[in-house]
Each structure stands twice: as C-alpha cells, then as structure tokens.
Amino acid sequence: MANIDVYGEFETSWCPGCGNFSILKSLKEALAELDIPPHKLMVSSGIGQAAKMPHYINCHMFNGLHGRSLPVAQGMKMANPEMTVVCVSGDGCSYGEGGNHFTAAIRRNLDVTLLVHNNQIYGLTKGQASPTTARGHVTKAQPDGAASDAFNPVAVAIAQKAGFVARAFSGEPEHLVGTIKAAIEHDGFSLVDILQPCVSFNKINTFSWYKERAYILDNHDETDWCAALMKAGEFPDRIPLGVLYRKMEPHNGDGVLLAKHEYAKSDLKELLQSFA
Amino acid sequence: MSRQNINIVIGGAAGQGLATIGTLFSKAMTRSGYNVLVLQKYMSRVRGGHNTFAVRMGVDEIVSPTDEIDILVALNAETVNLHRGELAEDGIIICGDDIDKGDVSGLLIPFNDLASKPLFYNTVALGVLGSVLCQDICYFEQMLSEAFGKKGNEVVQANLDVLRIAFDWVKAKEAVYDCLPVPQYGENKLMLNGNEAIAMGALAAGCNFLSFYPMSPSTSIAQTLIGKGRGLGLKYEQVEDEIAAINMAIGASFAGARPIVTTSGGGFALMVEGVSLAAVSETPLVTAVVQRPGPATGMATRTEQADLNLVLYAGHGEFPRAIFAPATVEECFYLTHRAFDLAEQYQTPMFILSDQFLADSYQSVDVFDLDALPDIAKPMLTVGGGYKRYELTEDGVSPRLVPGFCETLVRGDSHEHDENGRITEDGENRIRQNSKRLVKGCGLWQDVIGPDYYGEKGADLVLLCWGTTLGACLEAAEQVDNHSVGVLHFKQVYPLREEQFMEFLEEAGEVVAVEGNATGQFARFLAQETGFRVGAYVLRFDGRIMTPQYVLRGLESIL
Ligand SMILES: Cc1ncc(C[n+]2csc(CCOP(=O)(O)OP(=O)(O)O)c2C)c(N)n1
Ligand code: SF4
Numbered sequence: 001m002a003n004i005d006v007y008g009e010f011e012t013s014w015c016p017g018c019g020n021f022s023i024l025k026s027l028k029e030a031l032a033e034l035d036i037p038p039h040k041l042m043v044s045s046g047i048g049q050a051a052k053m054p055h056y057i058n059c060h061m062f063n064g065l066h067g068r069s070l071p072v073a074q075g076m077k078m079a080n081p082e083m084t085v086v087c088v089s090g091d092g093c094s095y096g097e098g099g100n101h102f103t104a105a106i107r108r109n110l111d112v113t114l115l116v117h118n119n120q121i122y123g124l125t126k127g128q129a130s131p132t133t134a135r136g137h138v139t140k141a142q143p144d145g146a147a148s149d150a151f152n153p154v155a156v157a158i159a160q161k162a163g164f165v166a167r168a169f170s171g172e173p174e175h176l177v178g179t180i181k182a183a184i185e186h187d188g189f190s191l192v193d194i195l196q197p198c199v200s201f202n203k204i205n206t207f208s209w210y211k212e213r214a215y216i217l218d219n220h221d222e223t224d225w226c227a228a229l230m231k232a233g234e235f236p237d238r239i240p241l242g243v244l245y246r247k248m249e250p251h252n253g254d255g256v257l258l259a260k261h262e263y264a265k266s267d268l269k270e271l272l273q274s275f276a
Numbered sequence: 277m278s279r280q281n282i283n284i285v286i287g288g289a290a291g292q293g294l295a296t297i298g299t300l301f302s303k304a305m306t307r308s309g310y311n312v313l314v315l316q317k318y319m320s321r322v323r324g325g326h327n328t329f330a331v332r333m334g335v336d337e338i339v340s341p342t343d344e345i346d347i348l349v350a351l352n353a354e355t356v357n358l359h360r361g362e363l364a365e366d367g368i369i370i371c372g373d374d375i376d377k378g379d380v381s382g383l384l385i386p387f388n389d390l391a392s393k394p395l396f397y398n399t400v401a402l403g404v405l406g407s408v409l410c411q412d413i414c415y416f417e418q419m420l421s422e423a424f425g426k427k428g429n430e431v432v433q434a435n436l437d438v439l440r441i442a443f444d445w446v447k448a449k450e451a452v453y454d455c456l457p458v459p460q461y462g463e464n465k466l467m468l469n470g471n472e473a474i475a476m477g478a479l480a481a482g483c484n485f486l487s488f489y490p491m492s493p494s495t496s497i498a499q500t501l502i503g504k505g506r507g508l509g510l511k512y513e514q515v516e517d518e519i520a521a522i523n524m525a526i527g528a529s530f531a532g533a534r535p536i537v538t539t540s541g542g543g544f545a546l547m548v549e550g551v552s553l554a555a556v557s558e559t560p561l562v563t564a565v566v567q568r569p570g571p572a573t574g575m576a577t578r579t580e581q582a583d584l585n586l587v588l589y590a591g592h593g594e595f596p597r598a599i600f601a602p603a604t605v606e607e608c609f610y611l612t613h614r615a616f617d618l619a620e621q622y623q624t625p626m627f628i629l630s631d632q633f634l635a636d637s638y639q640s641v642d643v644f645d646l647d648a649l650p651d652i653a654k655p656m657l658t659v660g661g662g663y664k665r666y667e668l669t670e671d672g673v674s675p676r677l678v679p680g681f682c683e684t685l686v687r688g689d690s691h692e693h694d695e696n697g698r699i700t701e702d703g704e705n706r707i708r709q710n711s712k713r714l715v716k717g718c719g720l721w722q723d724v725i726g727p728d729y730y731g732e733k734g735a736d737l738v739l740l741c742w743g744t745t746l747g748a749c750l751e752a753a754e755q756v757d758n759h760s761v762g763v764l765h766f767k768q769v770y771p772l773r774e775e776q777f778m779e780f781l782e783e784a785g786e787v788v789a790v791e792g793n794a795t796g797q798f799a800r801f802l803a804q805e806t807g808f809r810v811g812a813y814v815l816r817f818d819g820r821i822m823t824p825q826y827v828l829r830g831l832e833s834i835l
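So the sequences go chain by chain: A and B. Residue 1 is where the first sequence starts when you use this note's numbering, and the numbers rise one by one after that. Residue 277 is where the second sequence starts when you use this note's numbering, and the numbers rise one by one after that.
Because the hints were derived from the structure by calculation, they are not lab data. Everything numeric in this text was worked out from a predicted model, so none of it was measured. Errors might be hidden in some of the hints.
What the hints assert, rightly or not - Keeping only pairs whose Cα atoms sit at most 27 Å apart, straight-line, the calculated DSSO-like set for lysine-lysine is: (1) B:664 to A:269; (2) B:654 to B:712; (3) A:269 to B:393; (4) B:393 to B:426; (5) B:664 to A:40; (6) A:40 to B:767; (7) A:260 to B:767; (8) A:260 to A:126; (9) A:181 to A:40; (10) B:654 to B:767.
With the hints as constraints, model all of the structure from the sequences given.
Here is the structure:
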C-alpha cells in the first residue's frame with residue numbers, strides 16, 4: 001500500500017468547513033489503499049472550486065476548461081490506457097456546462113472515473129443555481145427561486161445503464177473512501193456523485209440537511225436496474241449512499257500506448273499507392 | 277495548334293452516379309499520364325438537385341478549374357439546358373438519344389441498344405467518353421475491374437463487355453472531337469482530393485489520434501483517416517460535439533498522442549475556447565478547418581474563403597499560431613505534415629485552412645516523397661530531475677514531457693500557472709509566462725514559408741491571393757492583354773514576414789486582391805500588418821470557386 005503522504009499536502013483556496021476537504025482526503029486514502037503511485041495517475045478537471053482538486057494532489061494533472069474535463073480525461077485514457085484516469089469537477093461543470101459530455105461518456109464506457117462534488121450550487125462564481133439546485137431555491141441570480149426542476153444525475157446515469165453509478169457524501173468519509181476505491185477499480189466508466197455541503201453559498205443543503213436524509217445502502221441488489229432507479233428516485237426525501245447500479249460489461253479501449261506508437265514508412269508508402 | 281487541355285463536365289441529378297463516372301474517368305486519365313483537376317459542384321441533398329463533376333485534363337499541369345466546357349456529358353435534359361451556354365465554340369454534347377441537345381454537335385447515345393439494363397448506363401457513358409477522347413481502353417478496364425472486383429467476376433465481366441461495346445460504337449462513327457496529345461510518360465501518379473491529401477499528410481506525420489464531429493465539407497478528412505489509418509493503429513472517435521472533439525484531442529496530446537481535429541466553420545466556432553486551452557497549456561494540436569460559405573449554416577456544399585478572420589483570431593487571450601492555406605492537393609499533403617512538425621516544436625495551435633473546392637477536387641499528383649520529409653519533432657518520454665513543464669527558456673519553448681513513462685509528474689493547466697504548472701495569480705509570473713508563450717511566435721516567424729511570386733518583378737499588375745484562388749489568378753495572368761501581370765500567392769497566411777514579399781507589392785504598378793469572400797479579408801489583414809493597401813479587389817462569394825474567367829471579368833473594370 002502506498003503511503004498517503006506521497007500524494008502531498010498543499011495549501012488550498014477552499015473555505016474552512018467546506019466539504020471538499022473531506023473528499024480530497026478520502027480520494028488520497030482510496031488511492032493509497034489501491035496502491036496507485038502518483039506517476040501512474042492522471043487527474044483531469046474542469047473549472048470551479050472542486051475542479052482545483054488536482055492542484056492539491058501529487059499526480060499528473062490537466063486542469064482544463066469549465067465543463068470539459070471528461071473529454072480531456074477520455075482523450076488521456078485513449079492515448080495511455082495504462083494510466084488510472086480520474087476526472088474531478090463540480091456539479092455545474094459536470095452536469096451543466098458539460099452535460100452533453102456526461103451522457104456521451106456513459107455511452108462511450110471508457111475506463112474513466114468521474115467524481116462529482118455535488119454541492120447543488122455554483123461555488124466559484126458565488127452562489128448561482130446549478131443544474132442540481134432544487135426548484136424554488138432562492139439565490140442572488142434566482143431571486144424568485146430556481147425555476148427549473150433539479151437534475152438527478154444518478155437517475156440519469158442508471159437510466160442509461162452506466163457501468164457503475166454510486167452516491168456518496170463528504171460527511172461519511174469512510175464510506176466515501178470505499179466507494180471511490182470501488183469506482184476506480186470498476187473496469188469501465190464509473191460515476192460517484194458526492195454530496196458536498198458548500199458552507200458559503202448553499203444555506204439550504206447544509207451538512208445537517210444531508211445528514212438527516214442520507215443512509216448507507218444495505219441489502220440492495222446493484223445489478224437490479226429497476227431497484228436502482230427506485231433508489232435514485234428517493235432524492236431529495238431520502239438519500240441512499242453506496243453503489244446504486246453496476247453492470248459488468250467489457251469497456252471500450254485497448255492497450256496501445258500512442259506515445260510509443262509509430263508507423264512504418266513501408267506501410268505509409270503502400271497506403272499512398274491505394275490512390276494510384 | 278492542337279488542344280492543350282480540355283474541360284469535361286458531367287452533369288445530372290444526385291444519385292445518378294455522376295461522381296462514380298467522374299472519378300473512374302479521372303483515375304483512368306491519371307493512370308495514362310494526364311494531369312487532371314476536378315471541380316465538383318453539388319447541392320446539399322442526397323437525391324435530385326443538379327450536380328456537376330468537371331474534369332479538366334491535359335498533358336501539362338492544370339492549375340485551375342475553368343468555366344468553359346469542351347465536352348458536356350449530360351445525364352439528364354436539365355444539364356443540357358443549364359450548361360449549353362457555357363460550351364466552347366467547338367464544344368460538344370454527349371447525352372442519351374432521348375434528350376434534345378439542340379443544334380450543338382456531339383453524340384446521342386442509344387443507351388437501350390448498347391446496354392441490356394439501366395444498371396450499365398454509367399459504364400456506357402464512361403466508355404463513350406473514353407472512346408471519344410481516343411483513349412486506350414485498357415485503363416478503363418482496369419478501373420472497372422477494381423471498382424467492381426468485390427462484387428465478383430460476373431459483374432466485372434458484364435461491365436467490361438458493355439465498356440467494349442460503348443468503345444466500339446464510338447469508333448464506328450465519324451470522329452466528333454479532336455484527340456488530345458498523348459502524354460510522354462505514363463509515370464506512377466496518384467489521384468486524390470484535398471481532404472484525402474490532408475489525411476495522408478497527417479498520417480505521414482505520425483498522426484495517431486482523431487476526434488471529430490461530422491460537418492461538410494470536412495468530413496472526408498476524418499473518413500479517410502479512419503479508413504486508411506485504423507489499420508496502422510490510429511485511434512479515432514466520433515464525439516458528441518466539436519467542443520468534445522478539441523478537448524479530447526488536447527487530453528490525448530497531453531498524454532502522448534499526435535492528434536488532429538477536423539471541422540468546418542460552424543464546428544470550429546464551437547472549438548474556439550479549446551484553441552485557447554491548447555495555447556495556454558502548450559499542448560500540440562493541429563486543426564483542419566475546411567471552409568464553406570457562412571454565416572452560420574450558410575451553404576453546406578459550396579465553397580468560400582471567408583473564415584480567415586475566424587481562424588486568425590480564434591481564441592481569447594494572446595498566443596502564437598500558424599495558419600496554412602494550401603492551393604493544391606499537393607500542398608494539402610506537405611503543409612499538413614509541416615503543421616504537425618511545428619505543432620510539436622512550438623506547442624501552440626496550428627491550422628490548415630482549406631475549402632470545399634479543394635476538399636472535393638481530385639488532382640493528379642506525383643507520388644508524395646515520404647523519404648524527403650523532415651523528421652517530426654518528438655516530446656520526451658523520460659527526463660532527469662528538476663523538470664519544469666513550463667520552464668522559462670530563451671525561445672519560449674519548454675521541453676515537453678509526456679506523462680506516465682517516468683516518475684516525474686507533469687501538470688498541464690488552463691489557468692495562468694508557474695513553471696511547474698501550478699495555478700497562480702502573481703503578476704510578475706503572469707508577465708513571464710505570457711511573454712514566454714508569445715516569444716515562441718518569433719521562432720514561428722523565422723520558420724514562415726514565404727509567398728510564391730510568379731511573373732516578372734515590377735509587373736504592371738500583381739494579383740494578390742491566398743489558398744485556392746491561386747490557379748484562377750495564374751491562368752488569368754496569362755490572358756491579360758497589354759499588361760505584364762504577376763501573381764503573389766500566400767500558402768501560409770499567418771504569420772506574415774514582410775521582407776519575404778513587400779518588394780513585390782511595392783514595385784507593382786497596381787495590386788489587386790483576388791479572394792473568395794466578400795470583404796477581402798486577407799488584403800485587409802495584410803494592410804493591418806504592413807500598412808500596404810491594395811488598389812482594388814476581385815471578390816467572389818456566390819459559393820463558387822474562383823475561375824480565370826471570373827478574374828478576367830473583374831479586371832476589366834479595373835484595367
Ligand atoms: C466557459 C465558462 N463559463 C463560465 C465560467 C465561470 N465559472 C467558473 S466555475 C463555474 C461554476 C462552478 O460551479 P460548479 O461546477 O458546481 O463547481 P463548484 O465551484 O461549486 O465546486 C462557472 C460558471 C467559466 N470558467 N468558463
Ligand atoms: S465556496 Fe462552497 S464549495 Fe467552494 S470552497 Fe467555499 S464552501 Fe467549498
């Protein structure tokens with residue numbers, strides 16, 4: 001097992017009390033328990049508070065554009081299938097700006113793990129509604145309350161039969177570590193939607209709000225699609241934590257490392273002759 | 277004087293197979309040693325509409341498509357009506373005997389007598405055309421055998437029989453057209469279009485990753501890459517949108533792939549933020565933008581040169597780039613290869629700016645010389661201690677390490693960052709890193725391919741052009757009476773290096789910009805960069821390619 005210290009300790013720009021700290025620590029623990037050395041890990045992120053995560057871990061990282069962390073992560077995985085590829089971003093980034101990439105990544109089923117810090121609000125831009133903000137939630141940008149229904153990411157992922165769909169909570173770190181480990185170990189696309197209180201901008205979905213509703217799944221058949229959908233549908237009255245749905249299917253991708261893959265000149269010459 | 281080249285236009289509705297006849301014919305002519313240049317015009321629909329496939333061929337190089345038709349092969353009556361007026365004085369029409377070709381000379385083909393069923397009509401047309409031009413049947417036989425080989429011997433034989441009947445039918449009649457001179461050499465040539473040449477140039481450069489979203493007229497680059505490249509190990513993905521395409525390519529490039537993204541104006545507009553990301557993260561990326569008329573959806577299957585401004589300025593913030601605008605199929609290949617080399621050397625976005633005309637224009641070319649291509653720059657896979665991804669260097673280029681092959685960690689960042697790729701808002705660091713990226717532009721500037729100048733220096737008139745308008749300018753230049761005419765052509769439109777061309781402009785009597793857009797984008801850009809203003813413009817933006825005739829008409833009012 002790798003020592004958790006290899007992933008480093010960095011000063012963050014997060015607010016004291018933010019759920020992100022617990023997620024960061026849990027991720028490092030999961031990586032250590034999986035014995036993934038920093039140079040075998042690539043973390044891709046978008047833009048937002050959550051998306052700063054890779055700056056706080058010793059690893060290969062690419063901190064790209066708002067909403068675009070998944071395409072980058074999938075490109076990385078295709079280029080270098082030997083790497084563990086993890087994608088970390090907020091709910092706005094992953095489900096709003098990057099919504100099209102989210103559903104496409106599920107369908108594409110490359111071996112990439114998506115960790116979404118779901119605080120049901122836009123943190124970095126100071127408190128506007130996100131796709132997971134509840135209808136009626138009042139913000140400075142939505143003074144009459146958010147007008148749209150909230151996006152249910154796990155329900156959508158299950159509906160699309162994503163290979164691994166889990167929900168976790170930053171307030172249940174031990175469970176979170178186990179869930180992240182299982183997601184990374186899953187051979188194919190995996191989603192962990194991690195509920196994360198934003199102490200600065202979300203005064204509704206607070207730590208205690210989550211705590212009251214969350215419970216760890218027990219006796220749930222992860223391979224039962226209908227049961228998984230039912231569980232996903234409990235939100236927001238109750239919040240089942242754990243792996244909601246799992247489907248074992250060979251993922252896409254191969255073992256070729258593109259950095260080392262070159263073409264023989266004779267092959268190229270032959271190809272050119274196909275135009276003769 | 278015998279004819280130097282002829283322009284054959286095959287016209288009909290989509291779905292009638294005119295592209296099949298056209299490509300088989302062009303390829304047969306390429307094999308027999310002719311130079312060929314194809315101009316395809318088609319409507320954005322799968323069936324019906326009116327399309328043409330024009331083949332201009334000759335013993336000498338063909339530089340441009342032309343408006344004048346020597347032989348019109350009409351697959352329907354509409355073609356005769358639409359194009360009769362474009363026939364040369366001694367032009368002829370070849371069509372079915374059920375079509376009224378008026379008093380124009382030519383041939384009425386009794387399709388029913390020559391072929392047992394309509395399935396073979398295209399082969400009849402091919403045979404008649406070949407025979408009218410006094411060509412050797414053997415190349416046509418080769419083409420049919422290759423084209424129908426997969427369908428089995430019977431199908432091949434049936435087509436060969438019909439071909440022979442069509443050839444003989446023409447021979448039994450009086451000659452309707454002068455024969456072309458026979459090429460001296462039957463050298464090994466290739467025939468491919470601009471998009472195929474971009475794809476092959478990319479493969480020759482070791483491109484092993486493609487992410488794309490289909491958009492005419494760029495799609496055949498992707499399809500060629502996949503068709504030809506997947507056997508070599510190219511990985512490819514048709515993604516959910518162009519934003520994913522460019523971001524996925526950036527991720528792949530960061531992780532060691534050599535990617536290309538291919539698109540057209542609308543798709544490129546979506547990619548713009550990604551261009552900026554490639555620039556700030558210093559991730560090598562080649563993007564091919566194949567222009568069609570805009571704004572927005574514009575005309576999907578027509579041509580234009582109106583996306584220069586978009587590509588020149590794409591991306592927020594300031595960073596260096598290079599833009600190549602090939603004029604010919606050959607340039608598509610070599611410039612694409614070069615773009616890959618520069619992308620890796622300078623770790624900043626590179627663009628190929630082509631257009632629908634070139635995308636679909638089959639041209640005969642000498643076999644690309646792979647052995648003469650320079651080796652492409654490569655990133656490092658391993659490195660010793662003290663590595664900094666964004667290390668400050670004199671030329672701004674920081675050695676690029678691909679993550680994953682040694683223990684050194686690599687950080688790529690979209691934010692402003694320090695030498696180690698750590699996010700920072702420090703003002704001094706910002707100046708250093710931003711300057712470092714911009715300084716790479718000096719190297720790119722040193723490496724600029726200067727424009728080609730054709731004709732005498734100090735000509736009365738210089739035609740200033742870029743990309744695909746070259747051919748029309750060259751041919752028009754030869755036909756202007758009483759004035760000496762030069763042509764200045766840019767195949768790299770950015771950056772510009774004044775010392776490479778200012779004298780040609782300053783010594784010219786008058787400079788006329790010839791462009792396939794409505795506002796003279798390149799001439800205006802040149803003025804902004806150099807202060808030099810052209811005297812007049814010949815602009816075309818009806819969705820059709822610039823032709824020599826169009827240039828000459830435009831010059832009439834200027835000279
Ligand atoms: C293209 C683009 N649009 C908008 C932004 C501004 N922006 C940055 S982060 C963000 C939302 C952040 O919310 P979320 O993704 O939920 O992450 P959090 O900060 O809550 O962790 C927005 C709108 C941006 N950086 N880029
Ligand atoms: S704004 Fe919210 S999400 Fe961001 S660091 Fe502060 S508490 Fe955490």
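Checked hints:
1. B:664 to A:269: Measuring from Cα to Cα gives roughly 39 Å; hence the hint is violated.
2. B:654 to B:712: holds (20 Å)
3. A:269 to B:393: violated (40 Å)
4. B:393 to B:426: holds (20 Å)
5. B:664 to A:40: Between residue 664 of chain B and residue 40 of chain A the Cα gap is close to 18 Å, so the pair holds against 27 Å.
6. A:40 to B:767: Violated - the C-alpha atoms of residue 767 of chain B and residue 40 of chain A are around 43 Å apart, more than 27 Å.
7. A:260 to B:767: Given that 27 Å is the threshold and the Cα spacing comes to 32 Å, the pair is violated.
8. A:260 to A:126: violated (44 Å)
9. A:181 to A:40: holds (15 Å)
10. B:654 to B:767: holds (25 Å)
The structure shown violates the earlier hints numbered 1, 3, 6, 7, 8.
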